[in-house]
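Enquirer: Its first residue numbered 543, the sequence shown is counted upward by one per residue in the numbering used here.
Everything labelled a hint here was simulated from the structure, so no lab data went into it.
Computed from a predicted model, the values in this text were never measured in an experiment.
Quick reminder that beta carbons are idealized off the backbone N, C-alpha and C, glycines included.
Take these hints with a grain of salt, some might be off.
[Unchecked claim] For lysine-lysine, the following DSSO-like pairs were computed, each having C-alpha atoms within a straight-line distance of at most 27 Å:
hint : residue 1 : residue 2
1    : Lys599    : Lys611
2    : Lys817    : Lys803
3    : Lys902    : Lys842
4    : Lys827    : Lys803
5    : Lys817    : Lys759
6    : Lys827    : Lys817
7    : Lys593    : Lys902
8    : Lys803    : Lys742
9    : Lys834    : Lys803
10   : Lys902    : Lys1038
11   : Lys1023   : Lys1038
12   : Lys742    : Lys834
13   : Lys842    : Lys827
14   : Lys742    : Lys827
15   : Lys655    : Lys1060
16   : Lys621    : Lys1038
17   : Lys1060   : Lys1023
18   : Lys742    : Lys902
19   : Lys927    : Lys902
[Unchecked claim] Cβ pair distances, simulated, as ranges:
hint : residue 1 : residue 2 : range
20   : Asp648    : Asn1070   : 23 to 33 Å
21   : Ala787    : Gln974    : 36 to 46 Å
22   : Ala649    : Val875    : 46 to 56 Å
23   : Lys760    : Thr922    : 44 to 54 Å
24   : Asp648    : Lys1023   : 12 to 22 Å
25   : Glu748    : Gln920    : 23 to 33 Å
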Amino acid sequence: MIRHTLTDLVRQAILAAQTDNALPAFEIPSVEVARPPRPEMGDYASSLPLKLASLAKRPPLQIAQTLAKYVPPHDAVAKVETAAPGFVNFYLSPMWVANQVARILDAGENFGKVNLGNERRVQVEFVSANPTGPLHIGGARNAAIGDTLARILQAANYRVEREYYLNDAGSQIRHFGASIYARYAQAAGMDAAFPEDGYKGEYVTELAQEILRTEGKKYLDLPQDQATRALGRIGIDRVIEQVRATLARMRVEFDVWFSEKSLYDSGLFDSLLPKLAAQGFTYEKDGALWFKTTEFGLDKDAVLIRSAQAVPNPEERPTYLASDVAYVWNKLVVRNFDRAIYVWGAGHHGAVPRVYAAAKALGIDTNRLTIMLYQNVQITRGGEKVTMSKRGGTFVTTDEVVDEVGADAVRYLLIESSADAAMDFDLQLAVQQSNENPVYYVQYAHARIASILRNALEAGVGSDGANLALLTHPAELELIKQMLKLEEVIELAANKLEPHHLPHYAQELAAAFHQFYKQCRVLSSEPNDLEISRARLQLVTATKNVLARALDLIGVSAPDAM
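Kindly generate the complete structure, drawing on both the sequences and the hints.
Expert: Next up, the structure:
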């Protein structure tokens, strides 16, 4: 990666200057090289002299001028300049830039890979929506963020495992079952009251009717409590099947579907209670078992297990915190992932400090644990809010949105904004075939290149033996520089766990291609232009590959025709 190369050159310049006593001895701080905001400042710049002023006891601009003299020669660097108040600016060699097309083509699908992870094992747990209804659009944003993040981490050389945590324990099964039972009895011709706090939406009626059709009226012969639980289990299994199908439409696949119930059935949670008690982190009060979260900076303690008086059914007594305690132990001790990443909706922010408290109480290094929060999605149509649907009842389902705008638009637009920013998803924009629609804009660039390559094939013009040194036009060089940026974007997104950098990059690359296409003719009927056509065919082939790579990391298709 060129940025790393330039960083190393700056470090070498400091050491050489210190050896010559052009700079005093001091410990070299972290060296940063970045793309400057304006092209006249070079291709890359370092503001390190501003940091070194206090160490070297000299003006920053003087330090910058000294470093510029000591930067060792390199094929990638055409010149080094300085600028006030203390910048070292690097200009890349056009010849070196042009030759990078060959490297990009040789790398193929592997272009952009960086070695941040060194094959460390990372678990990304995401979506994990309650299995009591269709996946809503907020869950779709979770899916898009989590899966794109997993793809980015894989490109950064982490061994990634995707996990869906099934909330299949506790009282929600009974509550869900009660809703299904009412619709089931009604479908069988009985007069059954629907629970006031029941799960609304056509999907509950559909589930009940399907169960009646496939299994008959046998659940009406059982005691209602028993029937409710049985129907709740069946309903959850059916919903999980539907959620799997919805996620598959979004090109999201999981390695593990982990059952919350297994944390209790396996005895794992019970085995951790003595460990917490031995350290004085639990106590009994009013028949309940409490966790001393105040020991870890929280305002008040939290209940782990509710009292028998409050909750007669033993299976429903453990709280969400109890499951969190067992789950973090399972992730980071039993399965021993190097790092565990949770992707949660912002509505769960109150549980974040409790999970960290649980990890600390269990002796787990919390640096191995990251909880990402994402904000809500508001569906709009031409500026008007869309708040509910027939099938979802009180929410818009992911399937409804995918049906209307397609999986590509859903995946792309749901990660275009930073996860910590609330977003509007405009259904009208998502289907526009114009530059206003970012996913269309990027995919169209890929399709246009595919068309160019088909035309070249029909014309019998190939790119073998192309002389890349002919790529000297500013638009050509800028396009190559944008391609090279993919490595930096993957590194940035993986380090900061910010997948939104990828769609922004894809749009910048598409824009660079469109500018190139306006200014440079790829195929020409003039015999004298054959060599430049060959070089430009290699350039656009590389661009097509990098666009496809960026889109694949987002989970979006790269069409050859539109």
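Enquirer: Decide, hint by hint, whether the structure agrees.
Expert: So, going through the hints one by one against the coordinates:
Between lysine 599 and lysine 611, the direct Cα distance comes to roughly 19 Å. Compliance with the 27 Å bound is thereby established for this hinted pair. A C-alpha spacing of about 21 Å is found between lysine 817 and lysine 803, which places the hinted pair at or below 27 Å, so the restraint holds. For the given pair, lysine 902 sits about 16 Å from lysine 842 by alpha-carbon distance, which is consistent with the 27 Å threshold. Proximity of lysine 827 to lysine 803 is assessed by CA-CA distance (about 25 Å); at most 27 Å being required, the pair is judged to hold.
About 48 Å separates the Cα atoms of lysine 817 and lysine 759, which puts this hinted pair outside 27 Å; it is violated. This hinted pair checks out: lysine 827 and lysine 817 have alpha carbons roughly 19 Å apart, not beyond 27 Å. For a cut-off of 27 Å, the pair hint linking lysine 593 to lysine 902 is broken: about 36 Å separates their Cα positions. Straight-line distance between C-alpha atoms of lysine 803 and lysine 742 comes to about 25 Å, which keeps the hinted pair within the 27 Å bound.
The straight-line distance between the Cα atoms of lysine 834 and lysine 803 is roughly 24 Å, inside the 27 Å bound, and the hint therefore holds. Between lysine 902 and lysine 1038, the direct Cα distance comes to roughly 23 Å. Compliance with the 27 Å bound is thereby established for this hinted pair. Between lysine 1023 and lysine 1038 the alpha-carbon distance is near 23 Å, which keeps this suggested pair within the 27 Å criterion. Between lysine 742 and lysine 834 the alpha-carbon distance is near 37 Å, which puts this suggested pair outside the 27 Å criterion.
Of the supplied pair hints, the one linking lysine 842 and lysine 827 holds, its CA atoms being roughly 14 Å apart against a limit of 27 Å. Restraint check: the Cα-Cα separation between lysine 742 and lysine 827 comes to about 37 Å, which exceeds 27 Å; the hinted pair is violated. The straight-line distance between the Cα atoms of lysine 655 and lysine 1060 is roughly 30 Å, outside the 27 Å bound, and the hint therefore fails. For the given pair, lysine 621 sits about 32 Å from lysine 1038 by alpha-carbon distance, which is inconsistent with the 27 Å threshold.
At roughly 18 Å between alpha-carbon atoms, lysine 1060 and lysine 1023 fall within 27 Å of each other, so this suggested pair holds. At roughly 40 Å between alpha-carbon atoms, lysine 742 and lysine 902 are farther apart than 27 Å, so this suggested pair is violated. A threshold of 27 Å between alpha carbons decides the hint, and for lysine 927 with lysine 902 the separation of about 43 Å lies outside it, so the pair is violated. Distance hint check for aspartate 648 and asparagine 1070: the Cβ-Cβ separation is about 29 Å, which falls inside the suggested range of 23 to 33 Å.
Taking the beta carbon of each, alanine 787 and glutamine 974 are about 28 Å apart, not inside 36 to 46 Å as hinted. The beta-carbon spacing between alanine 649 and valine 875, approximately 38 Å, falls outside the hinted interval of 46 to 56 Å. Take lysine 760 and threonine 922: their Cβ atoms lie about 45 Å apart, and the range 44 to 54 Å holds. Range check, aspartate 648 to lysine 1023: about 18 Å between beta-carbon atoms, so the 12 to 22 Å window is met.
Hint check: glutamate 748 to glutamine 920, Cβ distance near 26 Å, so the stated range 23 to 33 Å holds.
Of the numbered hints given earlier, the model fails hints 5, 7, 12, 14, 15, 16, 18, 19, 21 and 22; all others are met.
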